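Chemist: If you want the building blocks of each chain, they are given just below.
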Amino acid sequence: MKEKIELMISLPKIPDIELVALEGMDRMANHLGITDGKIGEARILITEAVINAFEHSGANKPNVLVEYEMTREKLIIYIRDYGKGFNPDDVEEPDIKEKMGSTNKRGWGLKLIKTMSDDLTIESDDTGTKITIVKNLV
Amino acid sequence: MSSEFNLKSEKIDDVLVLTTAGYINNVGGEKIAEEFEKHFSDGIVKIVINIAESNVVNSIGISYLIEIIEKLNDSNGKLIFTNMEPAIEKTLTIMGLFNFAGKAASVEEATKSF
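From first to last, the protein sequence lines are chains S and E.
Take the first sequence: its letter number 66 is residue 1187 in the working numbering, and every next letter is one higher.
Take the second sequence: its letter number 4 is residue 33 in the working numbering, and every next letter is one higher.
For reference, chain S alone in the conformation it holds in the complex (with noise of 0.2 Å):
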């Protein structure tokens, strides 16, 4: 039977605190016999996807949580923030050329999740947002 483990963290808005969710993930990770290549660019996604939680979601108390499933096969990570949600089709695609020049050089953080992921939902509205992304690990 496929060993399947999961783990639920609430992270307060602190500065590098989305270091907090990588240790858990490497650490289930760790458990499952997962090589430290495989989950380089979950890394990523978790990075960029508490970044944009805790920068975007505008709410009052921004703790956001996040939740993960976990195969030797695959990851899904939830994020949750009790923003006031967005429309991920009003977020503009950055362009490294437009950059160039610019004053604003940021404003990765959707690309890199949308490129990455096997798997993307955005569920967001005026109570916040839920972001799930599938990254396979074989």
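No wet-lab data here; the hints were simulated from the structure.
Just so it is clear, the structure is predicted and the values come from calculations on it, not from any experiment.
Keeping only pairs whose Cα atoms sit at most 30 Å apart, straight-line, the calculated DSBU-like set for lysine-lysine is:
no. : chain 1 : residue 1 : chain 2 : residue 2
1   : S       : K1232     : E       : K60
2   : E       : K37       : S       : K1159
3   : S       : K1134     : S       : K1195
4   : S       : K1134     : E       : K60
5   : S       : K1218     : E       : K107
6   : E       : K107      : S       : K1232
7   : E       : K141      : S       : K1218
8   : S       : K1205     : S       : K1235
9   : S       : K1195     : S       : K1251
Some chain S residues well away from chain E (every beta-carbon gap over 10 Å; in silico):
no. : residue
10  : E1127
11  : P1183
12  : E1244
13  : V1255
Just so it is clear, CB atoms sit at the ideal spot from N, CA and C, and this is done for glycine as well.
Position chain E against the provided structure of chain S, taking the given hints into account.
Modeler: Just chain E, lined up with the frame of chain S:
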């Protein structure tokens, strides 16, 4: 996993080699940019960033590197990234950085390629 960031700076002839260790976030990115500025103002336009010991980056930290690349491109200079782990190389590729910066397997290979 530590948020500590360390930066080693070394000149090899007319090439500045910056070696990072730890999380390249806003703090790490800013430290890299500050060190770059010290040498850029002295006319150094060949830069190598060795990120072998940084296995976590975020796009905010990388945005500081875009600023460096922009300044170098405006001054006929070049930035070359070395020793990238695959996920970080993929991140920089998705962001399009290699349209304006180089990459190499090692610092030695990078310094020879200017």
